[in-house]
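Undergrad: Spelled out from the first residue to the last, the chains are:
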Amino acid sequence: MRGAMTFSVAENRSLTRERRRVMLALFIALAIAVHTFEVLLPNPIPWFRIGLANILGICALFSFGIRALWAVTLCRIVGGSLLVGSLFAPGFLLSLGGGLCACLLMSLAYAAFRRTIGPVGVSLLGAYGHICGQLLIAWLVIIRHSSLWMLIPFFLLFALISGTINGIVSEFLLRVLIRHPVFEAVEEPYVTALGHADVSQSEINNMEES
Amino acid sequence: MAGLRALGSWWKKLPVIDRLILTCTCLIAFGSFGLFVNLQTGQRVSVYSGSELIYNVPLDEDSLLEVRGPLGVTVVKVENHSVRILSSPCPNKTCVRSGAVEHVHDLIACLPNHVFVKIEGEENHERGYDLLSR
Chain X
60 MRGAMTFSVA
70 ENRSLTRERR
80 RVMLALFIAL
90 AIAVHTFEVL
100 LPNPIPWFRI
110 GLANILGICA
120 LFSFGIRALW
130 AVTLCRIVGG
140 SLLVGSLFAP
150 GFLLSLGGGL
160 CACLLMSLAY
170 AAFRRTIGPV
180 GVSLLGAYGH
190 ICGQLLIAWL
200 VIIRHSSLWM
210 LIPFFLLFAL
220 ISGTINGIVS
230 EFLLRVLIRH
240 PVFEAVEEPY
250 VTALGHADVS
260 QSEINNMEES
Chain U
529 MAGLRALGSW
539 WKKLPVIDRL
549 ILTCTCLIAF
559 GSFGLFVNLQ
569 TGQRVSVYSG
579 SELIYNVPLD
589 EDSLLEVRGP
599 LGVTVVKVEN
609 HSVRILSSPC
619 PNKTCVRSGA
629 VEHVHDLIAC
639 LPNHVFVKIE
649 GEENHERGYD
659 LLSR
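Chains as they are written, first to last, in the working numbering: chain X, 60 to 269; chain U, 529 to 662.
Be careful, since some hints might not be right.
Ranges between beta-carbon positions, derived for each pair [unchecked claim]: (1) U:G578 with X:W198: 24 to 30 Å; (2) X:L141 with U:L548: 35 to 41 Å; (3) U:K605 with X:V200: 38 to 44 Å; (4) U:G531 with X:A69: 49 to 55 Å; (5) U:N620 with X:V81: 52 to 58 Å.
Hints were generated in silico from the structure; no laboratory data involved.
Glycine included, C-beta positions come from ideal geometry on N, C-alpha and C.
Go ahead and model the full structure; you've got the sequences and the hints to work with.
TA: Quick look at the structure:
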C-alpha cells in the first residue's frame with residue numbers, strides 16, 4: 060500500500076517536471092516570436108527597444124526560477140537573431156550584451172529580495188541592465204565618441220517607461236498563468252516559485268537516487 | 529482624477545522593494561539629464577571642406593563665410609552667437625533647412641557639397657591648434 064502511494068507521488072513529480080519543461084519551451088517559443096515582432100516594428104531610433112520579449116523572461120523567472128530566466132533570454136536572443144538573420148552582426152552583439160547584463164541584474168535582485176520583489180521592480184532593473192550592457196558593448200565594439208554619453212538620459216527615460224509597462228504586463232500575465240494547473244505550486248505571483256521549484260527538484264533528485 | 533486615484537492604488541499595491549526601485553530609477557533617469565546633456569554654448573566655429581579646415585572663427589563675432597565645394601559655393605552665416613547655412617548648391621537643401629546651431633559638438637553638414645560646420649568649445653580649439661602646429 061505504502062509502495063503504491065510513493066509510486067503515485069513520484070509519478071506526480073515527473074508529471075510536474077514534464078509540464079514545466081513543456082511550459083518553458085512554450086515560453087521560449089513565444090519569446091522568440093515577440094522578439095522577432097519587435098525587430099519588425101518600425102523604429103525611429105535604432106537602439107530603442109521596448110523589450111516586450113522580456114515579459115516572457117520575467118514570467119519564467121517568477122514561475123520557474125532564475126535558471127528558467129537565463130534559458131528563456133539566451134535562447135530568445137540566439138533564436139530570434141537566427142530568425143531575423145542578424146546572428147553575429149553588431150546588432151546581435153548589442154542585444155546579447157544587453158540581455159546578459161539584464162539577466163544578471165534581474166537574477167541578483169531576485170536572489171537578494173526573493174519573496175519581496177515584484178515583477179515591476181525586476182522589469183525596471185532588467186531594462187536598466189539592458190541599457191548598461193548595450194552601452195558597454197557599443198562603447199567597446201562599435202563607436203567611441205563622446206556623443207554616446209549624451210544619449211544616456213534619453214535611454215534611461217525610455218527604459219523607465221518601458222520597464223514599468225513591461226512589469227505591469229508581466230504581473231497581469233502571471234496572474235492569469237497562475238490559474239493553470241502547471242503553476243499550482245505557486246500561490247501568489249510574488250511568492251516565488253523558485254523556493255518550491257528548488258525543494259521539489261531536490262526531492263526528485265533524492266527519489267531518483269534512492 | 530480617476531486616473532490619479534488608480535495610480536495611487538497601484539502604487540499602494542506595489543511591493544516596497546519595487547517602490548524603492550521605481551523611485552531610484554526615476555531619480556537616475558531625470559538626474560542624468562542634468563549630468564550628461566551639457567548644452568554648453570560653443571566658442572568657435574570650424575568650417576571644413578572635405579577633411580580640410582577652411583575657417584575657424586569665433587562664434588560671437590558676426591561674419592559671412594563662403595566655402596567652395598565640389599558643387600559650388602556654400603554660404604555660412606555666423607550671427608547672434610549661432611551659425612547656419614544660408615545657401616548651398618546641393619539639390620535637397622537639407623543643410624539649409626537644419627537651421628541654426630549654437631551648442632558644443634553641434635554639427636551642420638552639407639553632404640553633397642562636402643561642407644561641414646562644427647561648433648567647438650575653447651579647449652577643443654586649443655587642442656586642435658596644438659596638433660596642427662606639430
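Undergrad: Determine for every hint whether it applies to the structure shown.
TA: Hints versus structure:
1. U:G578 with X:W198: 24 to 30 Å: Given about 28 Å between the Cβ atoms, the range holds.
2. X:L141 with U:L548: 35 to 41 Å: Check passed, 38 Å falls within 35 to 41 Å.
3. U:K605 with X:V200: 38 to 44 Å: Cβ of K605 (chain U) to Cβ of V200 (chain X): about 40 Å, so the range 38 to 44 Å holds.
4. U:G531 with X:A69: 49 to 55 Å: Once the Cβ atoms are compared, 52 Å apart, the range 49 to 55 Å for A69 (chain X) and G531 (chain U) holds.
5. U:N620 with X:V81: 52 to 58 Å: With Cβ atoms ~56 Å apart, the hint holds.
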